[in-house]
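Novice: One letter stands for each residue in the lines below.
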Amino acid sequence: GESVGLHLPTLSVQEGDNSIINCAYSNSASDYFIWYKQESGKGPQFIIDIRSNMDKRQGQRVTVLLNKTVKHLSLQIAATQPGDSAVYFCAENRGSTLGRLYFGRGTQLTVWP
Amino acid sequence: DGGITQSPKYLFRKEGQNVTLSCEQNLNHDAMYWYRQDPGQGLRLIYYSQIVNDFQKGDIAEGYSVSREKKESFPLTVTSAQKNPTAFYLCASSAQGNQPQHFGDGTRLSIL
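Going line by line, the protein sequences match chains A and B.
Just so we're aligned: 53 in the working numbering is position 53 of the first sequence, and the numbers increase by one with no gaps anywhere.
Just so we're aligned: 52 in the working numbering is position 52 of the second sequence, and the numbers increase by one with no gaps anywhere.
Hint data in this document are derived by calculation from the structure and do not stem from the laboratory.
Remember, predicted model here, so these are calculated numbers, not experimental data.
We treat Cβ as the ideally placed atom computed from N, Cα and C, and that holds for glycine.
Treat the hints loosely; a few may be bogus.
As the list claims (entries may be wrong) - Partner residues are not named here, just some residues of chain A that face chain B (Cβ under 10 Å, in silico):
| no. | residue |
| --- | --- |
| 1 | Asn27 |
| 2 | Asp31 |
| 3 | Tyr32 |
| 4 | Ile34 |
| 5 | Gln38 |
| 6 | Phe46 |
| 7 | Asp49 |
| 8 | Arg51 |
| 9 | Ala91 |
| 10 | Asn93 |
| 11 | Leu101 |
| 12 | Tyr102 |
| 13 | Gly106 |
| 14 | Trp112 |
| 15 | Pro113 |
Stated by the list, open to error - In silico DSS-like links for lysine-lysine, alpha-carbon gap of 25 Å or less:
| no. | chain 1 | residue 1 | chain 2 | residue 2 |
| --- | --- | --- | --- | --- |
| 16 | B | Lys9 | B | Lys83 |
| 17 | B | Lys70 | B | Lys9 |
| 18 | B | Lys83 | B | Lys14 |
| 19 | B | Lys71 | A | Lys42 |
| 20 | B | Lys83 | B | Lys57 |
| 21 | A | Lys42 | B | Lys9 |
Sequences are here, hints too, so could you generate the full structure?
Specialist: Spelled out as structure tokens, the structure:
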């Protein structure tokens, strides 16, 4: 069935390196995507979103890239810090205009000093 | 500060008991959502509400009930019909349409 998924369940990087977290989606109707960060025992925290009329969007130390041709989404974190260690989720709307989101399983990012 | 408050942080349920999880927001958001998260899993939608006095079932609504009598509040009841209620429950809210959902810090429900 159609689902939001992630290429890798875990990612380990050294402090100061750049991190890239990937997400594949299969619903061509999806036109809104969000990345969330979830620390242990807490609720997900909004990082950045992107709509399908854009290929790239930048925030503070983060960049989201959207490739609609291959239905791929990525989150790039520059100069990764220990505080970036968390589970990262991508979510898509599957064409819904009602605000519903569909979440992937998440990628655990671990940053080593 | 504006945000979403979930209470209690930890909750224990006895067999055959209904329990209610509280979710309050002061963001003036129209839409509210309840998700369930199991270990190592993503979020699954239980119920959502786009406006006061209206709500829709999500993907795993069986064994749960909600109400939306006020814009600020969206309580979730886990009924005795829910046979596997142990999970982390997350409430979220958003403005109308495709806007970011903002989450509370969750309630962890366990069975005694």
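Novice: Are the hints correct? Go through all of them and say.
Specialist: These are the hints, each one checked on the structure:
| no. | hint | in the structure |
| --- | --- | --- |
| 1 | Asn27 | 14 Å, violated |
| 2 | Asp31 | 8 Å, holds |
| 3 | Tyr32 | 4 Å, holds |
| 4 | Ile34 | 6 Å, holds |
| 5 | Gln38 | 9 Å, holds |
| 6 | Phe46 | 5 Å, holds |
| 7 | Asp49 | 6 Å, holds |
| 8 | Arg51 | 8 Å, holds |
| 9 | Ala91 | 8 Å, holds |
| 10 | Asn93 | 6 Å, holds |
| 11 | Leu101 | 6 Å, holds |
| 12 | Tyr102 | 8 Å, holds |
| 13 | Gly106 | 6 Å, holds |
| 14 | Trp112 | 21 Å, violated |
| 15 | Pro113 | 25 Å, violated |
| 16 | Lys9/B / Lys83/B | 21 Å, holds |
| 17 | Lys70/B / Lys9/B | 22 Å, holds |
| 18 | Lys83/B / Lys14/B | 11 Å, holds |
| 19 | Lys71/B / Lys42/A | 24 Å, holds |
| 20 | Lys83/B / Lys57/B | 18 Å, holds |
| 21 | Lys42/A / Lys9/B | 10 Å, holds |
In terms of the numbered hints stated before, the structure departs from hints 1, 14, 15, listed from lowest to highest.
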